[in-house]
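Undergrad: Chain by chain, the residues run as shown.
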Amino acid sequence: MSADLVARLVSFCRALRARGLPVTTSHAVDAARALRCAGIGDRRLVHLSLRCVLTSRPEEFPVFDELFETAFLRCDPGPRPAGEIRRVAREGAPALTSWSAQADGDEEPEQVPGASDRAAREKKDLAALEADDIDELDRIAARIARRLAARPSRRWKPGRKGARVDLRRTMRRAPANGAELLDLRFRVRKTRKTRIVALCDVSGSMDLYSRLLLRFLHALQGSAARVESFVFSTGLVRVTPLLRGREYAAALRELSAGAHGFSGGTRIGECLSSFNAQWGRLVDARTVVVILSDGWDTGEPSLLSAEMEALKMRSRRLVWLNPLLGSPGYQPLALGMQAALPHLSVFAPAHDLESLRALERHLVA
Amino acid sequence: MIDEIPRLLQRLDEEAYVADPAIATSLHLAIQLRKPLLVEGHAGVGKTEIAKVLARVLGTDLIRLQCYEGLDTSTALYEWNYPRQLLQIRRQESGAAETDIFGEGFLLKRPLLQAIAHGGRAPVLLVDEIDRSDEEFEAFLLEVLSDFQVTVPEIGTIRATERPHVILTSNRSRELSDALRRRCLYLWIDYPPFEKELSIVRRKVPGASDELAAQIVALVQQLRRARLSKVPGVSETLDWAAALVTLHSAHLSRDVIEATLGCVLKDEGDLRKVRGEIEAGRLPLGAA
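Chains as they are written, first to last, in my numbering: chain A, 394 to 758; chain B, 2 to 289.
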């Protein structure tokens, strides 16, 4: 293989890496080997061979194809276009302090007809809840946390006593006991630790509910379960450390001190996008993702839909709790809600204690 | 050397697998570089079939490991044959010659060990629906795939004399780890375009008339563009074609579609939606 081709291959790999593809040195070596066995006579086969070696997801194909065009057609690779993958990664969650600045800009909260009316009407219920039933709220959270921590898995581990005899271990000891299986070994179900990732909408239209729901998350996190909490409106912020090990009142003070006014328009799609890019690794096949939002989104519905799909694919289940669902006659007509609906495993209300109690079923199931 | 990919394409075709250059190139590289090939795509696009046809092309054995949640080493790798061990103990008690009950004779080889201990020509190991297994198993598999050796504490280390050809399939029901992806070559199979699907139907359901085959494929391709919750795969197209051949239909009429739609659509909501479209005359497009 000519030195020129190798050099070009290496710089192609570097370009892919710069655009966010996980291409390593061993990939480059494999790419060279691939070209040696597939030949370099047919440009289409070169393209297919390199794609087979250097990509690992269909989402990477567009970037790959684009860079392949530049690397293997013209000699001058030309100016490098801004990378999509990079761009998503750089658009991290804005710092808490920049939140209010953003809200002051042209991101005026969308005036949602009816939303503020409803909020005013139900204010009393929630106020009453804050005063009397807060203990009950904590109890529900603790109960859910307990159930989550103790789910039987389908895997087995050795145990002193248990449902099933562990024949492998029993046999291993058998000859020592004079060939009688007197000393039975058992195996028991491993417990599976479910993780919860909660994304709570704290924009203006959600204000009353989000206080209640954050309180709930605080209680949930205070128990044994592994809970990661985020809040979002126009940006996304991880609040797990804030909620952990503090009095709720103190946590809330700190939260609002950092971001005065949980308001501004809601950009659910963009927030989910930055969640997926930055925190996506928190979500795996045993994670339940809970989004608490009314679905009023001022962003692009198609972005929201795509990000929801990505989230759905990674998680064990995707639960959307919509406080508005509790009001009679509510139809999920908001564009954001419409875009999200097809990707949900569970769509449930969360406006009072009753609905939070029902939440246990969705999270634990 | 350069003609090898077209030749492979031809061989696949002889084995009644309608491939395209992307599939042939990936298989060729998997054979040559001896790296595992990760095949992803929607349900029913022929991912599993690739491994089967590869085994036929290479004239070697196919060893299949079907993954599911909770799959562990005793089902994937090896297990001891306990009844046999117990019998042996009894026999020894009544005076039979002593044998080590933890010897090879008492070992039940599960697919992974079968593939590693396989003598002769390297087999094809199909790890089917890896996305259904859990992360613990994925990590274990990664280890096996990196050095193709397994240690059974009672026996020792068993090494593959020849590396098996490994095909992993995934429906993307969950994201596989980057570590696993990094170790594999990658092939994405999309729903085939009209021409390719038509030739698949012709190959696999020879009884279907040209007209019927074209009508079926055209309608299925339309259905894929509709927003359905369970999008029909190529296997559904083939099932449908076979059903229509059994019913001696020479072409698709509205009644025939109505009666057999369950071959293609496996979701009640989808069925209702498509039936509505047919009633309203919006489907099939361009058909009488």
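Be careful, since some hints might not be right.
As the list claims (entries may be wrong) - Okay, derived cross-link-like pairs now, DSSO-like style, lysine-lysine, Cα gap no bigger than 30 Å in a straight line: (1) B/K267 with B/K110; (2) B/K197 with A/K550; (3) A/K583 with A/K554; (4) A/K705 with B/K274; (5) B/K267 with B/K53; (6) A/K705 with B/K110; (7) B/K274 with A/K554; (8) B/K274 with B/K53; (9) B/K205 with B/K231; (10) A/K705 with B/K205; (11) B/K197 with B/K110; (12) B/K231 with B/K274; (13) B/K53 with A/K583.
By construction, these hints were calculated from the structure, which means they are not laboratory data.
Here the structure is a predicted model, which means the values were calculated and not measured.
Undergrad: Can you give the numbers of the hints that this structure goes against, from lowest to highest?
TA: Failing hints, ascending: 1, 2, 6, 7, 8, 10, 11, 13.
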